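There are 2 protein chains.
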Amino acid sequence: MSNYGFKLKEYENRLEKAQSLMHLNQIDILLITSEQFMRYFTGFSTQFWQSPTRPWYLIIPIKGLPKAVIPDIGLSAMQKTWIKEIYTWPSPRPKDEGISLISRLMNEFPSKFNYVGAELGKEMSLRMPLTDFFFLQSTLSRKIIDASSILWELRLIKSNAEIDKIKHICKISSNSFENLPSLINKGDSERDIAKKMKMDLISQGADSIPYLPVISGVGGVSQIIYEPTNRVLKSGDILFIDTGSTYDGYFCDFDRNYSIGKASKNVNDIYEILWVATQNAIEGATPGLFLSDLWKLMANSLNKYLPNNFNKGRFGHSFGLQLTEPPSITFNNNMKLEPNMVLTLEPSIEFTPGKMLVHEENIVIRENGAELLTSRAPYKIVEIN
Amino acid sequence: MSNYGFKLKEYENRLEKAQSLMHLNQIDILLITSEQFMRYFTGFSTQFWQSPTRPWYLIIPIKGLPKAVIPDIGLSAMQKTWIKEIYTWPSPRPKDEGISLISRLMNEFPSKFNYVGAELGKEMSLRMPLTDFFFLQSTLSRKIIDASSILWELRLIKSNAEIDKIKHICKISSNSFENLPSLINKGDSERDIAKKMKMDLISQGADSIPYLPVISGVGGVSQIIYEPTNRVLKSGDILFIDTGSTYDGYFCDFDRNYSIGKASKNVNDIYEILWVATQNAIEGATPGLFLSDLWKLMANSLNKYLPNNFNKGRFGHSFGLQLTEPPSITFNNNMKLEPNMVLTLEPSIEFTPGKMLVHEENIVIRENGAELLTSRAPYKIVEIN
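Listed in order, the protein sequences are those of chains A and B. Following my numbering, the numbering of the first sequence begins with 1 at its first residue and continues without gaps. Following my numbering, the numbering of the second sequence begins with 1 at its first residue and continues without gaps.
Treat the hints as calculated values from the structure; they're not laboratory data. Hints may be right or wrong, so weigh each one.
Chain A is nowhere near these chain B residues, computed Cβ spacing over 10 Å in every case [as the list claims (entries may be wrong)]:
hint, residue
1, Glu123
2, Thr229
3, Leu323
4, Ser328
DSS-like cross-link-like pairs, simulated, lysine-lysine; straight-line CA separation at most 27 Å [what the hints assert, rightly or not]:
hint, chain 1, residue 1, chain 2, residue 2
5, B, Lys122, A, Lys143
6, A, Lys122, B, Lys95
7, B, Lys63, A, Lys336
8, B, Lys336, A, Lys80
9, B, Lys95, A, Lys296
10, B, Lys171, A, Lys312
11, A, Lys80, B, Lys234
12, B, Lys186, B, Lys143
13, B, Lys355, A, Lys80
14, A, Lys234, A, Lys265
15, B, Lys143, A, Lys95
16, A, Lys95, B, Lys312
17, A, Lys17, A, Lys95
18, A, Lys186, B, Lys186
19, B, Lys336, A, Lys122
20, B, Lys186, A, Lys312
21, A, Lys196, B, Lys80
22, B, Lys336, A, Lys196
23, A, Lys355, B, Lys84
24, B, Lys95, A, Lys143
25, A, Lys355, B, Lys234
26, A, Lys80, B, Lys186
27, B, Lys63, A, Lys234
28, A, Lys95, B, Lys171
29, A, Lys122, B, Lys171
30, A, Lys95, B, Lys234
31, B, Lys80, A, Lys95
32, A, Lys143, B, Lys143
33, A, Lys355, A, Lys296
34, B, Lys80, A, Lys84
In this text, all values refer to a predicted model and were calculated from it rather than measured experimentally. Ideal Cβ positions, reconstructed from N, Cα and C, are used throughout, including at glycine.
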């Protein structure tokens, strides 16, 4: 069982890495606005991000400690973190929602490179009103530029303490998937099953379940992301469940497939192909390999069974504080695998238009190869009778 | 029990209102990027927003039907909605994450006012990479301007079908708060209680629990937003629980306070003051009243008991598809109450530095006054022995 929180050293390491990348990229200050990067740097842990009323800011200078610039409602909560310099404004204050304060604080820092880096790039969005962003820029002596490459680089390689949390939620969700057949009754709808799975996940120790598509279809599913419906499961259906549950802020992201009643030969065949493709990736994922090579390990395996008849999209991605994080495992991604990268392996086949199966496991790259974080899906699809 | 989904007419009404406001504000096209406005206009219902990899777009022209411009992974899911025109691109495609497609589609619309309205203003953020936003603007013949006032105006007045969903989740959460004392055991920590409350909420029919601070402290709490901790409750504690649970996408937002063991005279007094302040607002909230008047109904009541010794911040706000939505109930908000506005009433008192109590109920404004959506908190704080 993993403990909540991190040691101070974890945050100091993150700050040190950030500041070293800021030097390399000639950035004086990082401006953080999003839940996940705020949590990454400070440990600030709240669901209050659900409220869009108030922006929250963290300023990371190239030297020295981060400053939190937050609505006054968050002061006492932020004091629970390692952040010592906390500035607040009375919020909501629509006419100046923290902007004059953060502007003054940023302008006070000595300038070296004249750049502020912010969350402007790929796979992220800035969590503040854009009108405020434009106004902030107009008050700063420095130019705000995209720091997404630095920011994602920081979160790419997980610490062992982070991996422990991911492993913990992967274990909880694996157990829950194993329990599922015993929880389902005849006449259950997708919604009924989602409810049972949620209760089981929470009873086993998941903190939250931000992602739980429960989808069914005859012999396969037509899509993998929509909310569960009142469709009642019947014999011949495939039941697909994906989950991004969390423990202490960290996600798992993997799915399982079940056959309601006896699986058809076609379902058994496709399931086996996906299982083998995933197995090849698990066994082949070693540091130094390109992500495109990892993609090929899965694609070649699919191609052997179903020549040219498979989805050429992404077969997985990283994850951690979010359900999905860069990089993607795609045919042309030339990033190399490194120790402590956490990945989902996720080959899929749409074997008939509107019918697909997706298999998924979570791994962490270690010096000698992949360590499986999930309890491996059985080689044969589980039948629920 | 409220049903999932809405009739087609609900979406047609929303579109009609939007287009009428676009005329008034001289906007040719609305560009939608966020989960909640996408859901508001289309009914698209997925937790896939948890993945920041892919942006999702909706284009609403001043005349005609909306067009969804989305990653190909969402096609089959979007086809479940009333949206007929769906354009997709193969995603992830980092070099062109839908931008050329959306730009072409927007430039094809005949121009009247030369403005595109987007989610750039108060209490919102744009859910797309800002680098993509800047590039998109550079390819458009029209200027992108802030449409937040239109967008929030649309969501301010709820339909009765929306209110039914809010009422349903308020009822579920009210029941769960009433059950809570019977669920708590000696030796439970905040985390244990959070877990029990989550399971109870789900078992009663809540779809998700995005917001559930469970906070305890001797005689009051020091803050109201942080994640629960391992602190074990003991006699003399106040247990504060707030919840934003959802049903079919719609939130409730209200809290309850409990005393562990016998409540002190001070706690009883403060609790009663807050209860009365809330009651005055429930009884006084009628169409035509300014929000500042509603604030005063609560403030005067607090002031009578605790002259000049109360928080002058906001005493509530609207909510719906989000935990908090504009407007705020503040001393200077000159917006008028209108039928079908849904509000939380939330007076609070910090009676000693670092010790506070917050009381909260949810109402909807009707022609003749407020209708209570929550089951009214008892006049005396509930003691858990």
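Status of the hints after comparison with the structure:
1. At roughly 5 Å from the closest C-beta of chain A, the C-beta of Glu123(B) falls inside 10 Å, breaking its exclusion from the interface.
2. Not every beta carbon of chain A lies more than 10 Å from that of Thr229(B), the smallest distance being close to 8 Å; the non-interface claim is violated.
3. Distance check for Leu323(B) against chain A: the nearest CB is about 4 Å away, which does not clear 10 Å, and the non-interface claim fails.
4. Against the 10 Å criterion, Ser328(B) falls within the reach of chain A, whose nearest CB is about 5 Å from its own CB.
5. Proximity of Lys122(B) to Lys143(A) is assessed by CA-CA distance (about 23 Å); at most 27 Å being required, the pair is judged to hold.
6. Between Lys122(A) and Lys95(B) the CA atoms are separated by roughly 10 Å; this keeps the pair inside 27 Å, and the hint holds.
7. Straight-line distance between C-alpha atoms of Lys63(B) and Lys336(A) comes to about 49 Å, which puts the hinted pair past the 27 Å bound.
8. The suggested pairing of Lys336(B) with Lys80(A) is violated, with an alpha-carbon distance near 39 Å, which exceeds 27 Å.
9. Taking the CA atoms of Lys95(B) and Lys296(A), the gap is about 21 Å. The hint holds against a cut of 27 Å.
10. For the proposed pair Lys171(B) and Lys312(A), the alpha carbon gap of about 47 Å is over 27 Å, so the pair is violated.
11. At roughly 21 Å between alpha-carbon atoms, Lys80(A) and Lys234(B) fall within 27 Å of each other, so this suggested pair holds.
12. Distance restraint check for Lys186(B) and Lys143(B): the Cα-Cα separation of roughly 61 Å exceeds the 27 Å cut-off, and the hinted pair is therefore not satisfied.
13. Proximity of Lys355(B) to Lys80(A) is assessed by CA-CA distance (about 16 Å); at most 27 Å being required, the pair is judged to hold.
14. Taken as a hint, the Lys234(A) and Lys265(A) pair is honoured in the structure, with Cα atoms around 18 Å apart against an allowance of 27 Å.
15. Annotation: proposed proximity of Lys143(B) to Lys95(A) holds, straight-line Cα distance about 24 Å (limit 27 Å).
16. Our distance criterion of 27 Å between C-alpha atoms is met by Lys95(A) and Lys312(B), whose separation comes to about 17 Å.
17. Among the hinted pairs, Lys17(A) with Lys95(A) is inconsistent with the structure: their alpha-carbon atoms are about 36 Å apart, more than 27 Å.
18. The straight-line distance between the Cα atoms of Lys186(A) and Lys186(B) is roughly 38 Å, outside the 27 Å bound, and the hint therefore fails.
19. In summary, the hint linking Lys336(B) to Lys122(A) is not supported, as the alpha carbons are separated by about 41 Å, beyond the 27 Å threshold.
20. With a C-alpha separation of about 56 Å, the suggested pairing of Lys186(B) with Lys312(A) is violated against the 27 Å cut-off.
21. Between Lys196(A) and Lys80(B) the alpha-carbon distance is near 24 Å, which keeps this suggested pair within the 27 Å criterion.
22. About 44 Å separates the Cα atoms of Lys336(B) and Lys196(A), which puts this hinted pair outside 27 Å; it is violated.
23. For the proposed pair Lys355(A) and Lys84(B), the alpha carbon gap of about 21 Å is at most 27 Å, so the pair holds.
24. A C-alpha spacing of about 24 Å is found between Lys95(B) and Lys143(A), which places the hinted pair at or below 27 Å, so the restraint holds.
25. Simply put, Lys355(A) and Lys234(B) have alpha-carbon atoms about 55 Å apart, too far for the 27 Å limit, and the pair is violated.
26. Taken as a hint, the Lys80(A) and Lys186(B) pair is honoured in the structure, with Cα atoms around 26 Å apart against an allowance of 27 Å.
27. Restraint check: the Cα-Cα separation between Lys63(B) and Lys234(A) comes to about 43 Å, which exceeds 27 Å; the hinted pair is violated.
28. For the proposed pair Lys95(A) and Lys171(B), the alpha carbon gap of about 36 Å is over 27 Å, so the pair is violated.
29. Restraint check for Lys122(A) and Lys171(B): the C-alpha separation of about 41 Å exceeds 27 Å, so the hint is violated.
30. In summary, the hint linking Lys95(A) to Lys234(B) is not supported, as the alpha carbons are separated by about 43 Å, beyond the 27 Å threshold.
31. Proximity of Lys80(B) to Lys95(A) is assessed by CA-CA distance (about 41 Å); at most 27 Å being required, the pair is judged violated.
32. The hinted pair formed by Lys143(A) and Lys143(B) meets the criterion: a straight-line CA distance of about 22 Å does not exceed 27 Å.
33. Only pairs whose Cα atoms come within 27 Å are accepted, and Lys355(A) paired with Lys296(A) is accepted, the gap being roughly 23 Å.
34. Proposed proximity of Lys80(B) and Lys84(A) is contradicted: the alpha carbons are some 50 Å apart, above 27 Å.
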